[in-house]
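Novice: Using the sequences provided together with the hints, build the complete structure.
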Amino acid sequence: MALRRVGRATISSVERLGFAARFSLAVVVHAPAALRRLRLTLREIYFSGVLSLVIILVSGLFVGMVLALQGYDVLTRYGANESLGVLVALSLVRELGPVVAGLLFASRAGSAITAEIGLMKTTEQLSAMEMMAVDPLARVVAPRFFGGIVSMPLLAALFSTMGIFGAYLVGVRLIGIDAGSFWGNMQAAVDFRYDIVNGIIKSVVFGIAVSLIAVFEGYHARPTAEGVSTATTRTVVASSLSILALDFVLTVFMFRGLGV
Amino acid sequence: MPAANPAVVAPTCPTEIAVELAGVSFGYDRNRPVLAGIDMSIPRGKLVAIMGGSGCGKTTILRLIGGQLRPQQGRISVAGQDVATLDRDGLFAMRRKIGMLFQFGALFTDLSVFENVAFPMREHTKLPDELIRDLVLMKLNAVGLRGAAQLRPSELSGGMARRVALARAIALDPMLVMYDEPFAGLDPISLGVVGQLIRKLNDALGITSVVVTHDIYESLKIVDYIYFVSEGRIVAQGTPQEVRASSEGFVRQFVDGAPDGPVPFHYPARPLVEEFARAG
Ligand SMILES: Nc1ncnc2c1ncn2[C@@H]1O[C@H](COP(=O)(O)OP(=O)(O)OP(=O)(O)O)[C@@H](O)[C@H]1O
Ligand SMILES: [Mg+2]
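Protein chains in written order, with the working numbering: chain A, 0 to 259; chain B, 322 to 601.
None of these hints come from the bench; they were simulated from the model.
Nothing here was measured: the structure is a model prediction, and the numbers come from that model.
Each hint should be verified, as a subset may be incorrect.
Stated by the list, open to error - For the chain A half of the interface with chain B, some residues (derived, Cβ under 8 Å), not all of them:
(1) Thr122
(2) Ser126
(3) Ala127
(4) Glu129
(5) Met131
(6) Val133
(7) Leu173
(8) Asp177
(9) Gly179
(10) Ser180
For every residue, glycine included, the Cβ atom is placed at its ideal position computed from N, Cα and C.
Specialist: Shown next as structure tokens:
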């Protein structure tokens with residue numbers, strides 16, 4: 000009995016995975032359509048990006064300020080407090096920027112995308128669109144997907160920038176570390192190719208994952224109020240877990256400590 | 322009442338039939354068929370009503386005609402084309418010539434009333450903005466809502482939303498329009514206006530129209546032919562005169578609005594006594 004339940008759960012999740020793969024392919028096939036409907040995609044960048052700005056900026060600022068306080072506390076023990084800028088910048092650019100911005104993006108924009116598409120399905124708007132010979136994948140899904148992919152790296156970059164600014168406020172202005180060593184050490188230690196580019200790669204990958212999960216869950220939500228709420232929750236949970244898992248995998252590939 | 326109107330069922334030329342269903346059966350799941358062998362034939366330029374109790378499968382018939390569902394048995398053809406054989410592009414090409422009013426309006430909630438009606442024009446034509454504006458206002462005027470053009474769908478009443486959806490359905494002057502309950506939720510005045518509008522569109526533009534409705538009085542006034550559906554089958558059909566004169570049980574029950582008769586009011590269930598006996 001239990002075995003059968005496990006079997007059924009496995010089959011259904013494998014089925015879902017296959018579904019998701021086919022769906023991703025269909026969305027990618029509609030990429031040109033999204034480019035042609037540039038105005039729609041810009042609108043979605045506005046909805047997923049601009050409207051997430053406040054939460055991203057405020058969180059970035061606070062994360063940076065806390066990092067500075069905690070980092071200063073540890074670094075002074077080793078007499079290395081002029082490295083505060085390096086510590087903060089590397090943590091943000093490599094990890095916290097993409098990951099925390101990704102998590103915030105999933106709960107702010109991802110859930111909104113899922114709920115919107117799910118409700119459009121529930122109220123037969125997608126059905127009506129199909130009857131008007133307009134493909135909802137091209138008109139509704141693709142612009143939201145690509146809008147999310149564009150917004151996410153920008154948000155992550157803003158998050159890191161705000162974080163560094165927050166660290167500057169706390170470290171230099173409040174605690175009184177020398178501004179020259181704060182910025183100078185940071186510039187010397189942060190490598191464009193290995194730190195910044197890798198951070199951008201991460202945020203792009205997270206953007207793809209979150210956007211894909213969000214549109215998939217919305218498009219395949221059961222067309223009821225309950226179905227939409229379940230789908231929204233699934234988006235947040237699945238996106239967050241994927242971000243953390245993908246972050247681990249990407250970090251392993253980007254790791255240079257073993258001298259590879 | 323005759324089994325079928327000979328002028329309707331036996332046309333001289335097959336392309337004169339806009340929509341044809343032959344032996345169509347369909348069920349959302351295997352155990353419970355919704356439609357069991359529906360035959361219908363709708364000539365070009367006619368206004369035909371499909372009537373039947375709630376849940377008898379009227380909306381399902383429209384979805385089958387539009388190719389959103391595939392019949393498990395039987396054949397559906399629109400303008401001589403077998404819908405089941407069409408691929409996605411073929412289906413979309415066919416749908417460009419079809420307008421559909423959804424039962425609950427299905428207006429796009431992120432667009433204004435104006436943009437909702439403009440939507441099919443913007444998607445399928447390259448008309449200049451001024452022309453689209455004029456066309457949209459004309460369509461909205463026809464349903465009496467030109468003044469509501471800038472409202473959001475959330476600011477409309479149910480009846481208003483349905484009229485906007487009607488304007489959207491006819492935006493591209495389609496060759497076939499399917500109306501799913503165009504009269505539900507309308508006051509007697511709008512109801513009369515919408516009924517006349519459907520009739521006028523049909524005649525002036527040579528559209529073929531399929532109206533799904535419960536409103537027997539309004540239908541008798543405007544339509545050319547009526548099909549009655551019950552338990553997945555066509556149980557009666559005829560012109561309005563034939564329907565009025567009919568003595569058939571189904572038809573009388575509809576015309577007189579009696580709860581008892583051949584059309585079951587209840588969804589299939591165990592007898593009520595048995596149900597209570599179990600609970601107790
Ligand atoms: N998506 C669906 N999944 C499963 N069953 C469905 C679905 N849609 C409709 N049904 C069932 O199919 C039957 C016919 O539904 P349909 O919507 O065609 O009825 P209708 O004649 O349009 O009714 P109404 O006049 O109330 O709109 C109903 O019994 C309903 O339970
Ligand atoms: Mg219906």
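Novice: Are the hints correct? Go through all of them and say.
Specialist: Each hint, compared with the structure:
A cut of 8 Å between beta carbons decides the hint on Thr122(A): the least distance to chain B is about 6 Å, and the hint holds. Annotation: interface hint on Ser126(A) holds; nearest CB of chain B at approximately 7 Å, less than 8 Å. With a least beta-carbon distance of about 4 Å to chain B, the hint placing Ala127(A) at the interface is held under the 8 Å criterion. With 8 Å as the threshold, the beta carbon of Glu129(A) comes within range of chain B, its nearest partner Cβ sitting at about 7 Å, so the hint holds.
Annotation: interface hint on Met131(A) holds; nearest CB of chain B at approximately 5 Å, less than 8 Å. Taken as an interface hint, Val133(A) checks out: its beta carbon lies about 5 Å from the nearest beta carbon of chain B, inside 8 Å. A hinted interface residue such as Leu173(A) counts as satisfied when its beta carbon comes closer than 8 Å to some beta carbon of chain B; here the least separation is about 45 Å, so the hint is violated. At its closest, the beta carbon of Asp177(A) sits 52 Å from a beta carbon of chain B; the interface hint therefore is violated under the 8 Å criterion.
Below 8 Å, beta-carbon pairs count as interface contacts, and Gly179(A) has none with chain B, the closest being about 51 Å; its hint is therefore violated. About 51 Å separates the beta-carbon of Ser180(A) from the nearest beta-carbon of chain B, more than 8 Å, and the hint is not met.
Checked against the numbered hints above, the structure violates hints 7, 8, 9, 10; every other hint is satisfied.
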